[in-house]
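Enquirer: Sequence:
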Amino acid sequence: MKTVLSRNWLWNCGAGGILLLSLACSSGSGGGSGTPVPVITVSLQPSTGAVNTGASLPFTATVSGSSNTSVTWTVTGAAGGTISAAGLYTAPTTLGTASATASVEARSAADPSKAATAVVTVNRVVAVSINPSVTPTIGVGATFQFSGQVSGATDAAITWSVEGGSANGTISQAGLYTAPATVGTYTVRATSQADPAATTTRNINVATGGTVSVGQTGLPPSAFSAIHLAGPSGWTGTASSPNSNFTFVPFGQITFTVPPVTVDGTTYEGRDPGTSFTLTLSQGVGLSQTVAFAPVVASPQGSVSAAGNAASNHIQPRAHLLASGRILLAGGFTSTCEEFDPGSQTFTTVGAYKADRGYTAPSVQLLDGRVLVAGGGVSNGVSSAEIYDPGSKTWTLTGSMLTARMDHAMVRLQDGRVLVTGGRPLNGGTHLASAEIFDPASGTWSATGSMGTARSWHSLLLLADGRVLAVGGGDSSASQKSAEIFHSGAGTWTAVASALAKERTYPSLLLLPSGDVLVLSGQVQIERYSAAGQTFSTLASFKLNHQYSPAVLLPSGKVMLAGGLGNGDATQAMEIFDPADNSVRFGPNLLQTRQEHVLVVAANGKAYFLGGRGLGNVPRKGAEAYTP
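In the working numbering, the protein residues as written are -8 to 619.
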């Protein structure tokens, strides 16, 4: 519908003429609405700003007149820089001039014709540093190479100078300082050519004698043929042994090789006691540093050689010498199992575990030659158990344990049954004192008496009289020095009154022909348990603690262990203990650093190192053989 209002006027136009003016207003569907169109605006806070090179400044964009408040950020201008989607402007780290500006723009996404701009002034902040960061010491007339670094400016050039003039030494524009003929402490200066106000200094000692600070890292020199020293560049060296040789890498490693020596017709690796030597490093005129090496205990003649490569990584695996002469290599962060043939030095993949047992599942060899593994796991312990048949090379599930366990211990009893003790039901869970026994004849488990102390990471050993010795381990609060005895007939435990000299986790227990027990690994002390007196005593000490390194009894009656966690990381060092005279000697180093491996003496008398990992947690697939 349409409404029309009209107003008419008659005008006398003369000569009888009439003029009709009509003014009409209309409304309805055909007219305009009268609603104003919204206007979009963009504003920035702050509108101006200033930052130093490398610093940041936040901006806030406000969009009015639209429900879409998003903006697009851009940076233009000589200073450059970047800006994030949230409006955080970051200035460049270097600048070619003392200052420059950048324009920060926020443009409306709803109306790209609308934008706001802020101007940022970037001020250059220049800094100079000198390497090395410590005060070096050189001899009179000697040279020393400094290096410098400029930050904040695109021009990295440095002007070098010596405080006090040429009487205090000279320095080239490449940073090579030449000491004067007079001893003293002098100062070199590095100044930025881009900003002469940016400058720094470093002192240098000039001496005619005395010692220079040479920092030793890693293992003690007596433990290795390779030692690690740090020092300034340009050093030379001599050694007290004319047959020894070494190379020196500035700020790096000295590799010192000690040749075999012959004592009473017997050749030994390393150095015999009493034949200590020194290494003298020198630089400049009269300045030297002498490093004294402790006597290196000699080792029996022997050699280490490569022995093939496993198909899979095995870290903390289990290993057993089978009746066939082969070695079963089982699990260790994998369910894969392999058999190693010492004769051909080859690995053959065999049946895998039925369950994921991580590296926390122990195993034992049964009287009939089969192998039992029980429990384990990575995050949660498992209760299942399975048996390996060397004939079929397969694993078959058997009865499950009464309690899920990881980090527990197992040992075969005299009657062929298997004792399981301690551990924990899950990673981070409560440690257990409970124990149970597996009967291979029925494939079933039954509870037995609990230990007096809850233990994980401990070791068990069957004594000559049929009792079982439990040693070390720990719980969530501490490692254990204690030990206790299991009486299989009664199913009870009694504490050993004498404690270990040191706490131990994953100790190696070896039964001697006398019926006594050697306790090794995890500490440098070598301890002996007297079965008759039920006491511990310390016999000798290794140079390294060899944590996570098993020990074996060689056919000669001597005890050997190698690798493990030495003084902070995996080591190659081998040490040999002789129970006959309680002496310790170094053997040849392993070919690779190695820890968390297994060590088995084969029928050929050689000891084989299998699995584990080295420096930087690199898995070791390569096997090694030690020939006494």
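Just so you know, these hints were derived from the structure itself, not from any lab.
This one's a predicted model, so the numbers in the text were calculated from it and none came from an experiment.
Don't take every hint at face value.
[Unchecked claim] What follows is a list of derived Cβ distance ranges for each label pair: (1) G132 - T529: 52 to 58 angstroms; (2) L417 - S505: 38 to 44 angstroms; (3) V369 - S505: 19 to 25 angstroms; (4) T39 - T190: 49 to 55 angstroms; (5) V369 - T526: 18 to 24 angstroms; (6) G607 - S55: 16 to 22 angstroms.
The C-beta atom is built at its ideal place from N, Cα and C for all residues, glycine as well.
Enquirer: For every hint, state whether the structure bears it out.
Expert: Each hint, compared with the structure:
no. : hint                            : verdict
1   : G132 - T529: 52 to 58 angstroms : 54 angstroms, holds
2   : L417 - S505: 38 to 44 angstroms : 41 angstroms, holds
3   : V369 - S505: 19 to 25 angstroms : 40 angstroms, violated
4   : T39 - T190: 49 to 55 angstroms  : 32 angstroms, violated
5   : V369 - T526: 18 to 24 angstroms : 39 angstroms, violated
6   : G607 - S55: 16 to 22 angstroms  : 58 angstroms, violated
Hints 3, 4, 5 and 6 from the list above are not met by this structure, while the remaining hints are.
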